[in-house]
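> Single-letter residue listing:
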Amino acid sequence: MATIAVPLGGQAEGHQADAVQRPALSEYLRWSVDHKIIGVQYGVASFLFFIIGGAMAMLIRLELWTPELDVMVSGAAYNSLFTMHGTVMIFLFIIPMWAAFGNFVVPLQLGAKDMAFPWLNAFAFWLIPPAAIVVLLGYFVTPAEAGWTSYPPLSTLFSGDGQTLWALGAHLLGISSIMGSINFIVTIFNMRPPQMTLWRMPLLCWAVLATSIIAVMATPFLAGALTLLLLDRVAGTTFFDAAGGGDVLLWQNIFWFYSHPAVYIMVLPGMGVLSEVLSVHSRKPVFGYRMVGLSSMGIAFVGFTVWAHHMFTSLQPELRIPFMITTMIIAVPTGIKMFSWLGTIWGGKIRFTSAMLFALGFMSMFVIGGITGVMLAALPFDIHVHDTYFVVSHFHFVLFGGSVFAIYAALYHWFPKITGRMMNERLGRIHFAFTYFGFLFTFFPMHIVGMLGMPRRVAVYDEAFANWNQLISFSAFVLGFSTFIVIYNIIRSYYRGPVAGANPWRALTLEWATTSPPPVTNFADDPIPFEDPYGYGTEASVAYLNAVEAAFDGRENRTILD
Amino acid sequence: MAEATRDEGHHSHSNTVRLLGREITVEGGVYTVVFVGLAILTVIEVLSAEYLKGAIHDAPSAAATLQAIKAVLLLGIAIIKAGLVIWFYMHLRDEKPLLAVVLLLPLLIATLSIMYLLAIPPGGYAL
Amino acid sequence: MAELTANQLHAVAHDDHGHLSEEEKNDNLKLGVWLYLASEIVIFSIMIVGYILLRINEPDVVAHAHEQLGVGLVTANTFVLLASSYFMVMGLRAMQQGNRAGMLRWIGATALGGTVFLIGQYIEYSELAHLGIVLGYSESQWSTLGMRFYAPTFFHGAHVFVGVIWALEVLRRGAQGRYDHNPIGIEMFGLYWHFVDVVWIMLFTLIYLV
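Chains as they are written, first to last, in this note's numbering: chain A, 1 to 562; chain B, 1 to 127; chain C, 1 to 210.
Possibly wrong hints are sitting among the right ones.
Said to hold, decoys possible - Computed from the model, here is a short list of chain A residues facing chain B with C-beta under 10 Å:
{"hint": "1", "residue": "Y139"}
{"hint": "2", "residue": "I213"}
{"hint": "3", "residue": "V216"}
{"hint": "4", "residue": "A218"}
{"hint": "5", "residue": "F221"}
{"hint": "6", "residue": "N253"}
{"hint": "7", "residue": "F257"}
{"hint": "8", "residue": "T305"}
{"hint": "9", "residue": "W307"}
{"hint": "10", "residue": "L319"}
{"hint": "11", "residue": "I321"}
Hints listed in this document are in silico derivations from the structure and should not be mistaken for laboratory results.
Note that beta-carbon positions come from the ideal geometry of N, C-alpha and C, so glycine has one too.
If we strip away everything but chain A, and leave its shape as in the complex, we get (with noise of 0.2 Å):
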């Protein structure tokens, strides 16, 4: 007979969990130290932003429905079309919404009752929407066109004040990802409850742990790089102007030096959503739990020796080998990853969630993009491919097929914990199919234009790419469709959604220990983890599972899942 310790939370025994009441809409738009609240601000801001940032692709696979400049006014304006894209995915997309779900599920999985810092949670998110009007002004005023990497001389000779802007809205971004990943840390070594060891937390902390760390060790990388930059544009230094005894691979070095481990910043929380959400859905524990959370750490420190493969065309011949053996390393603990998300599934019960159809969207599309990672890290091939829509497939299908598919993966996931409403599955299901076709047909095909030698960055290209092209364009559209049918979805699932219950999926992990939503405090008393946060499938999983249910519910639970 196992012993069984049910976390009580937020509501005491006996009420219901309808007497929940969701923050009004208005406590969104002000200032607040509630991580839940701040949660949602991050994620509703950073959609915002996907969609501007994904109406600039529309335009960039516009102007390249045709060979000819047709949609531009000038290669100058279609340099500061992609340049933008980049910037407000990469900063103001991306990194903000995992801060979104970080906020949101981190403190709730542990057990904690609130970050560490509430109040600097609330700054590090106040600096987002300040710092966005500057970047964007700057498309406005004379844009910047050096690209997201702002590589020296096209940042500092050849560009506008926008590329000052951009400068300062980045540097902006920078110190609220520091402060956000000082909280994260901080949060997760200080505020558990004595229950919840390191190695029983879920491994969503342990992926926004090694996050954080990366954020905090890497992006003064960026503040310092764009510091000089600003002082070569502002005050007449000439740091990266070699005219004026500057080095213009100072620049390529810091700033690679920052943005890959920046990229791990990017997906490693998506692997995190993926160890819960293909646990949870298929009902079975994570294949290898200890080997997944120190990989992520693996993953956070080889990130820091492989920068300079994105320099293999400007830098000295010897170094070459050294990084492309470093980078191949890092395949390694993204390939037990990997292995360890096909154990999970292997042999699982299944459920084609929307939550699980993206994850398993993820996997397949991630591991394309790794393993194109590995083809370009090959010395011989990158010098090939350098430049051309090879690379930019590569980066998109870890970027989109990777990151977005796992955020949509965690939107599905925990929407019910976030809103007490549940998604829409039949939807859901039909956004997917858009999203997963409209992906494979945007990008696979980059790879073979890439090959064929169609250069990146351009806007008027060689006849012999124009149908290529097109098909690539057509699948875009289908691409920027979807989106509208998963905003359909969220708004109309906020409204008039099934109830959720506490704890729809019947997960084991402590941020469905409580009602949905979570109350201001989380949790009434420190919770008790379940002895192993993905322990499915054992007699006291399913008995914790029902003493929750019935503890949180107290009725029956009304969810597809039954």
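Based on the hints, put chains B and C in the right spot on chain A.
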């Protein structure tokens, strides 16, 4: 270098410090001893820098060796000084090992990047 | 199916629901400040690396500047900053011993030390400007040195300036007795101030001596 006696409660509050086998009693205890140490090290640093600068000037044939000795010596002293401040004034000696990791990790990463940046040949790669 | 022998077990209740104890808060704050300082280490390393490159690649320019400037002023300035760090830790010690007046005197001396350091730096910058070493690009032989010298030292000076402001705030709160029971606010400022001192120890050696 200096170790406070621990018989008076909090060791940073004792005015008595055991240094090289001798007991020293001074207002401020270990903090004062560390400050005197920092001051002496700074004087040694400046004097040896000035001396070696003269020596390098006088003996151009051995300049490279002397310059290397100078760099290692001065940086060594600087690191000891920084370590004293961190260990005693920032109370690292009383803190959890986690804080030492927080300190060492960025130093490791920064050193890694600086070592690499130093490998850039003068005037860039286009030689 | 497992029998629930203790299915309504509440976890060990805290004395105060949802609120952290003072000790837990202090722990959080200290770890937070250390993490912040960790990120500062990285920024300073980027600021200084340009200077190190110059020192290796163009030793003559640096040697020439050293001869023109001498080390007298900067050594005095270094002593001022070291002393202010000592005053700082003595201020914390005084507060931990319950001596508020002593704390105010020591922290006041810290703020004064920081101010004197900034004045010294201003005098030094004026001398350098007189020699023609300026931040922006110029045709002079010093052009490569100026930006690489001013960027790290001014960035450090800005930190000292922030530190002086913070010290005044600590004095204001300290005078109200806000640290009498829990001097964590002084300790956090102390960590920052000592860190700024440590950075200067390294900058002084790297820029002015080596």
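> Next, verify each hint and record whether it holds.
Hint by hint, here is what the structure shows:
The criterion of a C-beta within 10 Å of any C-beta in chain B is not met by A/Y139, whose closest approach is roughly 32 Å, and the hint is violated. Interface restraint check: A/I213 against chain B, minimum CB-CB distance 8 Å, threshold 10 Å, status holds. Look at A/V216: its Cβ gets to within about 8 Å of chain B, closer than 10 Å, so that hint holds up. About 8 Å separates the beta-carbon of A/A218 from the nearest beta-carbon of chain B, less than 10 Å, and the hint is met.
Taking 10 Å as the C-beta contact cut-off toward chain B, the hint placing A/F221 at the interface holds, the least distance being around 7 Å. For A/N253, the interface hint holds, since its Cβ comes within 10 Å of a Cβ in chain B; the closest pair sits about 6 Å apart. Here the hint on A/F257 is kept, as its CB sits about 5 Å from the closest CB of chain B, short of 10 Å. Given hint, A/T305 at the interface with chain B, holds; its Cβ is 7 Å from that chain's nearest Cβ, closer than 10 Å.
Because the smallest distance between the Cβ of A/W307 and any Cβ of chain B comes to about 8 Å, under 10 Å, the interface hint for this residue holds. Interface restraint check for A/L319: the shortest CB-CB distance to chain B comes to about 8 Å, inside 10 Å, so the restraint holds. About 15 Å separates the beta-carbon of A/I321 from the nearest beta-carbon of chain B, more than 10 Å, and the hint is not met.
This entry does not satisfy hints 1, 11, going by the numbered hints stated previously.
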